[in-house]
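Asks: These protein sequences, in sequence, are chains A and B. Position one of the first sequence corresponds to residue 1 (UniProt numbering), numbered consecutively onward. Position one of the second sequence corresponds to residue 1 (UniProt numbering), numbered consecutively onward.
To be clear, the hints were calculated from the coordinates, so they are not data collected in a lab. Honestly, I wouldn't trust all of these hints.
Stated by the list, open to error - Over the 10 Å line for every Cβ pair with chain B, so calculated as not near, a few chain A residues:
#, residue
1, Q203
2, T212
3, Q356
4, L421
Unchecked claim - Facing chain B, a subset of chain A residues (Cβ under 8 Å, in silico):
#, residue
5, Y46
6, V52
7, P119
8, W120
9, G185
10, M187
11, G396
12, V404
13, D422
14, L423
15, Y425
16, W433
What you are looking at is a predicted structure, and each value in this text was computed from that prediction instead of being measured. We put the beta carbon where it would ideally sit given N, CA and C, even for glycine.
Protein chains: 2
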Amino acid sequence: MRIVVVGGVAAGMSAASRAKRHDPSSEVVVFERTEWISYGACGLPYVLGGQVDDFAALEARTPAQMRARGIGVRLRHEVMGVDPVARTLTVRDLASGRTGQEPYDQLLLATGVSPVRPPWANMDAAGVHVLREIPDGQAIEATLQGGARRAAIIGGGYIGLEMAEALRARGLSVVLLEQLPDLAGRMLDPEARQQIRAEVERQGVDVRTGVTVEGLTARAGRVTGVQTDAGLVRADLVLVAVGVRPNVALAKMAGVRLGRSGAIHTDARQRTTVDGVWAAGDNTESVHRVSRRRVHVPLGLAANRMGRVAGINMAGGDARFPGIVGTAIFKVFDLSVARTGLSAEDTAALGLDAVQVDVSSSDHAGYYRDACPIQVRLRAERGTGRLLGAQLLGHGDAVKRVDVVATLLHGRGRVQDLAELDLAYAPPFSTVWDVLLVAAGRLTALI
Amino acid sequence: MRIVVVGGVAAGMSAASRAKRHDPSSEVVVFERTEWISYGACGLPYVLGGQVDDFAALEARTPAQMRARGIGVRLRHEVMGVDPVARTLTVRDLASGRTGQEPYDQLLLATGVSPVRPPWANMDAAGVHVLREIPDGQAIEATLQGGARRAAIIGGGYIGLEMAEALRARGLSVVLLEQLPDLAGRMLDPEARQQIRAEVERQGVDVRTGVTVEGLTARAGRVTGVQTDAGLVRADLVLVAVGVRPNVALAKMAGVRLGRSGAIHTDARQRTTVDGVWAAGDNTESVHRVSRRRVHVPLGLAANRMGRVAGINMAGGDARFPGIVGTAIFKVFDLSVARTGLSAEDTAALGLDAVQVDVSSSDHAGYYRDACPIQVRLRAERGTGRLLGAQLLGHGDAVKRVDVVATLLHGRGRVQDLAELDLAYAPPFSTVWDVLLVAAGRLTALI
Chain A
1 MRIVVVGGVA AGMSAASRAK RHDPSSEVVV FERTEWISYG ACGLPYVLGG
51 QVDDFAALEA RTPAQMRARG IGVRLRHEVM GVDPVARTLT VRDLASGRTG
101 QEPYDQLLLA TGVSPVRPPW ANMDAAGVHV LREIPDGQAI EATLQGGARR
151 AAIIGGGYIG LEMAEALRAR GLSVVLLEQL PDLAGRMLDP EARQQIRAEV
201 ERQGVDVRTG VTVEGLTARA GRVTGVQTDA GLVRADLVLV AVGVRPNVAL
251 AKMAGVRLGR SGAIHTDARQ RTTVDGVWAA GDNTESVHRV SRRRVHVPLG
301 LAANRMGRVA GINMAGGDAR FPGIVGTAIF KVFDLSVART GLSAEDTAAL
351 GLDAVQVDVS SSDHAGYYRD ACPIQVRLRA ERGTGRLLGA QLLGHGDAVK
401 RVDVVATLLH GRGRVQDLAE LDLAYAPPFS TVWDVLLVAA GRLTALI
Chain B
1 MRIVVVGGVA AGMSAASRAK RHDPSSEVVV FERTEWISYG ACGLPYVLGG
51 QVDDFAALEA RTPAQMRARG IGVRLRHEVM GVDPVARTLT VRDLASGRTG
101 QEPYDQLLLA TGVSPVRPPW ANMDAAGVHV LREIPDGQAI EATLQGGARR
151 AAIIGGGYIG LEMAEALRAR GLSVVLLEQL PDLAGRMLDP EARQQIRAEV
201 ERQGVDVRTG VTVEGLTARA GRVTGVQTDA GLVRADLVLV AVGVRPNVAL
251 AKMAGVRLGR SGAIHTDARQ RTTVDGVWAA GDNTESVHRV SRRRVHVPLG
301 LAANRMGRVA GINMAGGDAR FPGIVGTAIF KVFDLSVART GLSAEDTAAL
351 GLDAVQVDVS SSDHAGYYRD ACPIQVRLRA ERGTGRLLGA QLLGHGDAVK
401 RVDVVATLLH GRGRVQDLAE LDLAYAPPFS TVWDVLLVAA GRLTALI
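Make the full structure from the sequences, and use the hints.
Replies: As C-alpha cells, this is what we get:
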C-alpha cells in the first residue's frame, strides 16, 4: 500500500503521521514544494513582529523527525500532474529540474491555498510581498533588513491586521488599504469592525477604506508605491493580502468535484468524488454544523483535523470530520477578537429569525486590578432559543471564552442552556456572573 | 404581600432584587446583621493583598441603591427567631438593642455560612482572625496596620492559600499550618495539591502539613503564637481558616429539613420543607448534575443564582435552580487552578469506573512569547465516555478553559464530543490543538 500526500504542512503532515501510525506496513510519501514542512503558518506575523525568535521555531516537526517515523519526505518536489486511472503522479524535483512518475494507491491532496495576486502592474517588483509560506516571511524579513521604512498593506483581513501590528512593532509607518468600507471582512458584524478600525488607528496605522488599488509603482525594479483611486500611497514595502484561493489545479486534473466555494468537495471521511483520491485542509470545504451548509473556512485546526481523518481512512481506518462551527480568534494590537457560529449577515442570508443582545462587562471582577472591559454579542433563534453565534471583543485571553459558545453550538444547544452553566468564578478570572451568563440571561428573556 | 429576606449578601440581595422586579407591588425587606450588603466576599483577600483599593469597592450595590429600587434594607438588624405558624420573625436592632416582631408572607433564609471556630485557648485574643465578612477583613487590616510581622495561617484551603499570598504581598513572614497531609483540601487530586504546595513554598511560605493545632498562645490579650503537636509557631497575626459551617439556627427553629451535609434541603425552586420558608445561598445544598447527589458547595455564582430563583418564586414566578457541576477556580501566587465535575475521590466514592489522562501542553502556541505550561487531567466513564471531571493547572487566565468541560458536564456530554469541538485557535491564545482537545483525544482512545 503506497499512500502519497501532496503538501507537507498542516493537513498533509497530520495525514501522513496518522496513516503511518494506523498502518505501519504502508509506505507513506509526502511531496512538498518548499523546504519546510509541518509549520504553523499562523505564526508568521509573530516571527516578523518579533514575538517568535525565528522561522524555524514554527516548524512543529522537522523532515528528519518525520523520516525517523518511517515517512518519506521529499522536499522541493512539486507535483505537476495526476492520472487517477493509472494512479500515478508527475513530480518535478525542483533542485535537479528532473520530472518523473510516482505511483500511488491512495492520494491525498493537501495543497492548501495560495494568496490571490491581482493583475496589477509591478507585482513582481522587489519589496512586493504576499504572506502564506515561510519563504514569503523570509522575503519580507529581507525587505525589512534592507531598510524598508514605509509599508502599505493591501487588504484588511486577518493577515493584513496582524501584519499591521508586526510592521508597527518593527518601527515602520503603515498605511492599511481596504476596498470595503470596513476592516476584518465579513467574519464580524459591522460594529465590531469599527472597533477594530479604531484600535488600529489608535496604534498609529493610517487606515484608508473604500479605496480601490489600481496598480503598483516601481523604479529600477523596486516598489515605490500603491496607485489607488484616491491617490498614490508611497511605500517601500507592499504586502498584498487580499484573500486566498484554494489550490485545486491537481484536483481539476483528477476530475474531482469542487464545491460552490471553489474548494474541494469531500464526504465526512475526506473522500473526494474520485476513487483513491482524498482531500484535506485549506483546499477543502467543511460542513458548518450550525448552518448545515458546506463552507470554505481555511483555518489551522480544521486543516489538521481533516488531515488526521484522511490519514486514518487512507490507511484503512474509519474516522469522520465532525464539521466546524465557525470559531475564529485573533489579536490586533491590544484588542482581542473572537467569533463563533453565524454572523448577522449569515443569519440574514439563511433566512433565520435571529435575536441578539450586546453586553458590556468586565473580564475579571470589576474591582480587581487587572480587570478590562469585555463585550459580547450573542445571537439565538427566536422562538426556539437555539444558539446561532457569538462575537467577543476584549483584552488578552478573555475572549477565549468564545469556546463555551462553540461547545454549545457543536451540540445545537440553546441560549437557555448557556444561561444555566456553572462557569468558573473567582475575582482574578471572572465576574460572579460571567459576561457569557449575563448575555445569555438577557437573550433568554427575548426569545 | 410581604417578602422578608434574612441576610443581605449574595443570595439575599439577588433574591430581593428579583422579587421586587417580578412583583413591584410586593413589599420586600432585607435584614442584614452587618453594615454591608451585596458585597463580593471572594474579593476580601485581594483588598488585603492590595489588588483592590478598599473594602467599599467590593459592594456591588449600596443600601441607598437598593432602597431606590423600593427594597427595604435594614442594616445591623439580626434575626433572632422565627415562628413559621404565625409567620413572624423576632428581630433585634443591634444599634438600639431593641427587639421586635416582624411579619412575613414569604421568608427567605439567606444566612450564609460562618467560619468554624475551634474551641482553642485564646481564640478571642487580639490578632486572631477569621475571614468571611467585610468586618473580618477590616479587623485583619487593623492588625496589619498595627505592625504585624509574623502570620500563622491555620488551614490550607482556598482562604488560607489566598491569604498566604495576600500576607506575603504585605511583607509578612507566613507559616501555613494544615492538619491534612496536603493543601487545598479534597477539591483537587493529590498530584495537584503537591504542585500547589510547591508553588506556595517557592514564594517563601513556610508550609507545615500533618500538624495538629492544640491552642493559641497570648500575652496581655494579644496573640503570640500557635501551639501545635510539632511545637510552637510564633505569630502576631493568626488567621483561622479551617472551614465553614452553614448558618442554620433559624432554619432549625422553623423546623426546616436539613440535608446530610448539614446545609438546608430545598427543592429546585429553593422551597424548604416548611410552607412559606425558602432558602438560598451558601447555607443551602444544591444538586450536583454529574453525581446527581445533593452537595454543599458554598460558592458565589451558585449563591447568586439560587437567590434569583428564590426571589422570582417568592414573588409568584416560576424559576428553577439548574444545579451545579462542581466548577471552581482559584489563583495562588503564580499558579492558577481550576476544576469541574468529580474528583478521583468523588468517583471512587460513587463507585464509578473512571479512566483519566494527564496532558501537559502550552497555553499559547509553544513558539509564542508568552506561552506558559498548562496541565490538564481529564476523567470520563469507562465504556460510555461520559465526562466526569477535569482539573487544570496553569498560569493566568489559561485555566478558565475549564468552562468548556463544565459546559459539556452540564449536558452530560461525552469525551468524544470534547475531542471534536471547534475551539478557537491563534498563536496568542492557544496551540492548534488546544490542550483540552489533546486530552480528550487521548482519553477517547482509552474509553
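Asks: All hints are to be evaluated individually against the structure, with a verdict given for each.
Replies: Hints, one by one, checked against the model:
1. Q203: Consistent with the label, A:Q203 stays out of reach of chain B, its closest Cβ about 16 Å off (over 10 Å).
2. T212: holds (29 Å)
3. Q356: Label holds. Min Cβ-Cβ 20 Å, cutoff 10 Å.
4. L421: Check fails; 5 Å does not lie beyond 10 Å.
5. Y46: The hint holds - A:Y46 has a Cβ within 8 Å of chain B, the shortest such distance being about 6 Å.
6. V52: holds (5 Å)
7. P119: violated (31 Å)
8. W120: violated (29 Å)
9. G185: Status violated, d = 15 Å.
10. M187: Violated, because the Cβ-Cβ distance from A:M187 to chain B comes to roughly 12 Å (cut-off 8 Å).
11. G396: holds (7 Å)
12. V404: With a minimum Cβ separation of about 5 Å from chain B (threshold 8 Å), the hint on A:V404 holds.
13. D422: holds (5 Å)
14. L423: holds (5 Å)
15. Y425: Where the cut-off is 8 Å and the nearest Cβ of chain B is about 5 Å from A:Y425, the hint holds.
16. W433: It holds, given that the least Cβ distance between A:W433 and chain B is near 7 Å, below 8 Å.
When held up to the earlier numbered hints, the structure conflicts with 4, 7, 8, 9 and 10 and fits the remainder.
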